[in-house]
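Q: Start from the sequences and build out the full structure, keeping to the hints where you can.
Residue numbers (this note's numbering), protein chains in the order written: chain S, 49 to 261; chain R, 49 to 261; chain X, 49 to 261.
Treat the hints loosely; a few may be bogus.
Since the list gives no way to pick out one identical chain from another, each pair is judged satisfied if it fits inside one copy or across any two copies.
[As the list claims (entries may be wrong)] Here are the simulated SDA-like cross-link-like pairs (lysine to any residue), alpha carbons at most 25 Å apart as the crow flies:
1) 82 <-> 206
2) 254 <-> 134
3) 82 <-> 197
4) 82 <-> 62
5) 146 <-> 52
6) 137 <-> 253
Hints in this document: simulated from the structure, not taken from any laboratory. Because the structure is a prediction, the values reported are computed rather than measured.
So you can see what is in the structure, the chains are spelled out below.
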Amino acid sequence: MSNIESIRQHTLVALEYVGTAAFAVSGVWGAIRKRMDIVGICVCGFLAAFGGGTLRDVLIDRRPFFWVEHQEVLLGILLLCVACATFFKQHHLESSEKLLSIPDALGLGLFCTTGLHLSWSMGQPPAVAIMMGVITGTFGGVLRDMVCNEIPSLFRDHRPYALCALLGAIVYALLASLELPEWVPLAACTIATTGTRLVTLWLDLKLPSVDFE
Amino acid sequence: MSNIESIRQHTLVALEYVGTAAFAVSGVWGAIRKRMDIVGICVCGFLAAFGGGTLRDVLIDRRPFFWVEHQEVLLGILLLCVACATFFKQHHLESSEKLLSIPDALGLGLFCTTGLHLSWSMGQPPAVAIMMGVITGTFGGVLRDMVCNEIPSLFRDHRPYALCALLGAIVYALLASLELPEWVPLAACTIATTGTRLVTLWLDLKLPSVDFE
Amino acid sequence: MSNIESIRQHTLVALEYVGTAAFAVSGVWGAIRKRMDIVGICVCGFLAAFGGGTLRDVLIDRRPFFWVEHQEVLLGILLLCVACATFFKQHHLESSEKLLSIPDALGLGLFCTTGLHLSWSMGQPPAVAIMMGVITGTFGGVLRDMVCNEIPSLFRDHRPYALCALLGAIVYALLASLELPEWVPLAACTIATTGTRLVTLWLDLKLPSVDFE
Numbered sequence: 049m050s051n052i053e054s055i056r057q058h059t060l061v062a063l064e065y066v067g068t069a070a071f072a073v074s075g076v077w078g079a080i081r082k083r084m085d086i087v088g089i090c091v092c093g094f095l096a097a098f099g100g101g102t103l104r105d106v107l108i109d110r111r112p113f114f115w116v117e118h119q120e121v122l123l124g125i126l127l128l129c130v131a132c133a134t135f136f137k138q139h140h141l142e143s144s145e146k147l148l149s150i151p152d153a154l155g156l157g158l159f160c161t162t163g164l165h166l167s168w169s170m171g172q173p174p175a176v177a178i179m180m181g182v183i184t185g186t187f188g189g190v191l192r193d194m195v196c197n198e199i200p201s202l203f204r205d206h207r208p209y210a211l212c213a214l215l216g217a218i219v220y221a222l223l224a225s226l227e228l229p230e231w232v233p234l235a236a237c238t239i240a241t242t243g244t245r246l247v248t249l250w251l252d253l254k255l256p257s258v259d260f261e
Numbered sequence: 049m050s051n052i053e054s055i056r057q058h059t060l061v062a063l064e065y066v067g068t069a070a071f072a073v074s075g076v077w078g079a080i081r082k083r084m085d086i087v088g089i090c091v092c093g094f095l096a097a098f099g100g101g102t103l104r105d106v107l108i109d110r111r112p113f114f115w116v117e118h119q120e121v122l123l124g125i126l127l128l129c130v131a132c133a134t135f136f137k138q139h140h141l142e143s144s145e146k147l148l149s150i151p152d153a154l155g156l157g158l159f160c161t162t163g164l165h166l167s168w169s170m171g172q173p174p175a176v177a178i179m180m181g182v183i184t185g186t187f188g189g190v191l192r193d194m195v196c197n198e199i200p201s202l203f204r205d206h207r208p209y210a211l212c213a214l215l216g217a218i219v220y221a222l223l224a225s226l227e228l229p230e231w232v233p234l235a236a237c238t239i240a241t242t243g244t245r246l247v248t249l250w251l252d253l254k255l256p257s258v259d260f261e
Numbered sequence: 049m050s051n052i053e054s055i056r057q058h059t060l061v062a063l064e065y066v067g068t069a070a071f072a073v074s075g076v077w078g079a080i081r082k083r084m085d086i087v088g089i090c091v092c093g094f095l096a097a098f099g100g101g102t103l104r105d106v107l108i109d110r111r112p113f114f115w116v117e118h119q120e121v122l123l124g125i126l127l128l129c130v131a132c133a134t135f136f137k138q139h140h141l142e143s144s145e146k147l148l149s150i151p152d153a154l155g156l157g158l159f160c161t162t163g164l165h166l167s168w169s170m171g172q173p174p175a176v177a178i179m180m181g182v183i184t185g186t187f188g189g190v191l192r193d194m195v196c197n198e199i200p201s202l203f204r205d206h207r208p209y210a211l212c213a214l215l216g217a218i219v220y221a222l223l224a225s226l227e228l229p230e231w232v233p234l235a236a237c238t239i240a241t242t243g244t245r246l247v248t249l250w251l252d253l254k255l256p257s258v259d260f261e
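A: Following this line, the structure appears as structure tokens:
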């Protein structure tokens with residue numbers, strides 16, 4: 049492995065840790081808002097961080113899970129949840145919600161890309177691989193909200209989130225069918241997903257509503 | 049394959065599509081009532097249509113899923129969800145709830161039969177195979193309701209639904225242990241399930257309540 | 049198998065049935081409080097009794113499930129649910145909630161031990177095996193509460209439950225790395241889990257709250 053390649057690898061892993069941590073924090077947050085105890089906080093953090101990838105692995109029957117192979121990440125996330133809960137107990141947290149949206153968008157892009165890449169490499173049909181990418185990126189939050197006894201915000205937020213991942217995934221699918229180096233569709237998918245998410249947040253775009261009256 | 053056999057096969061597949069579509073519409077409906085956006089509508093439609101069979105496949109560890117093998121059905125259902133949402137936005141939908149109950153009963157019967165047949169052919173114990181049939185027929189609706197943050201109507205409707213599937217499944221189990229041609233228990237299970245469901249709806253039968261006071 | 053060994057085996061199986069039954073009754077209870085019909089009651093009872101072990105088996109990709117191998121236990125639990133529902137309909141049930149906490153603590157200890165032992169024997173990393181033990185002991189109740197459309201009491205009860213299982217699991221992990229006979233960590237895990245649960249209930253211990261105001 050060349051020096052540049054090694055730097056790229058390390059950057060990617062570092063970015064993925066940032067995304068995972070952002071997802072975990074969103075879980076801790078949801079749990080605290082529901083006045084859960086420390087067990088609920090850790091489970092919500094875990095589900096938000098690893099739920100999407102684990103659901104994907106159950107669907108495509110892949111073992112071992114990421115957090116089984118890397119138990120140090122599992123322990124790290126649990127420690128992060130406890131630390132977050134302690135921190136949130138002592139500080140007001142209103143101000144931090146917006147701060148989270150950038151690493152969260154990063155997590156969305158990276159998770160979508162890795163989930164899609166995995167499914168694509170296994171030779172699954174394009175529509176299914178795209179769906180697996182979107183599920184990996186978004187269903188951690190869905191499981192978090194279900195456990196918090198709420199309608200998942202993914203489903204009623206009217207802000208593009210899953211659609212950003214879908215766009216990125218389609219970009220990947222188009223580029224992957226050309227004869228390009230492997231990193232091109234990977235980078236394009238992450239950038240398209242994270243980029244559209246950030247832009248739509250910045251422009252405060254909303255999906256049309258289907259309410260009838 | 050003879051001509052008659054071929055007609056029977058095609059009829060069966062056509063009926064199963066009708067049932068799947070009816071289930072998907074019930075999901076779209078639930079999502080709209082909860083004011084979800086287009087992502088929520090598609091996920092609810094997908095869960096209602098494929099959730100029962102997918103849960104069964106996860107439980108019996110069978111891959112690929114139906115919607116992975118037939119990605120055209122997956123895409124078709126998603127298109128149907130979008131079309132439905134657009135249609136419902138423009139029309140009142142009160143009148144259509146009753147119309148749905150006939151294809152829904154058909155879906156229940158056909159899904160229960162195929163789920164049971166699959167599990168039975170794998171040599172699972174009768175009680176388990178019967179349970180798998182009932183799960184295939186009914187748990188799409190359970191997952192739809194859970195995602196909509198409601199107690200599943202299957203569990204508190206007090207109208208026979210799972211019990212119709214259970215009756216059909218027991219009919220299958222009894223006939224399958226005799227030396228009859230394969231289609232006899234299959235047809236009997238579908239007819240018994242769909243038939244009892246329609247009759248109990250028509251007679252407005254209710255299960256006794258277990259409320260205490 | 050010696051005579052004493054055989055008695056120990058039978059005692060263990062008998063205890064496990066008691067624990068499973070206690071879990072099932074807690075499910076029936078939750079369902080009745082939500083005014084579910086007989087289908088909901090049976091599903092809740094089943095989820096509470098077998099949900100934790102089934103989730104663990106899905107996560108570690110183990111088949112057949114316990115209730116597939118032992119369909120007589122499956123049928124027994126369903127009969128128990130129907131019997132319970134009938135009994136609760138005729139009697140007041142306020143008085144029985146406290147009675148349940150002893151077999152429930154027993155179920156927690158035994159399920160945690162068997163889940164952990166299974167995962168440990170498969171050579172999974174310690175942190176993962178410990179987690180699987182805790183999941184086996186506690187997630188039946190989580191699934192029960194999710195189906196009842198409540199925030200799982202495991203997550204907001206502020207009474208040690210998962211933490212008792214965690215303590216027992218850590219005791220197991222420490223003892224299992226020494227060269228002791230197999231039954232020592234098994235017994236220690238069960239006793240530590242069930243014991244701490246009963247003691248904390250008796251002392252009415254509560255976890256510190258993370259509420260901010």
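Q: Give me the numbers of the hints this structure contradicts, sorted from smallest to largest.
A: Hints 4 and 5 not satisfied by this model.
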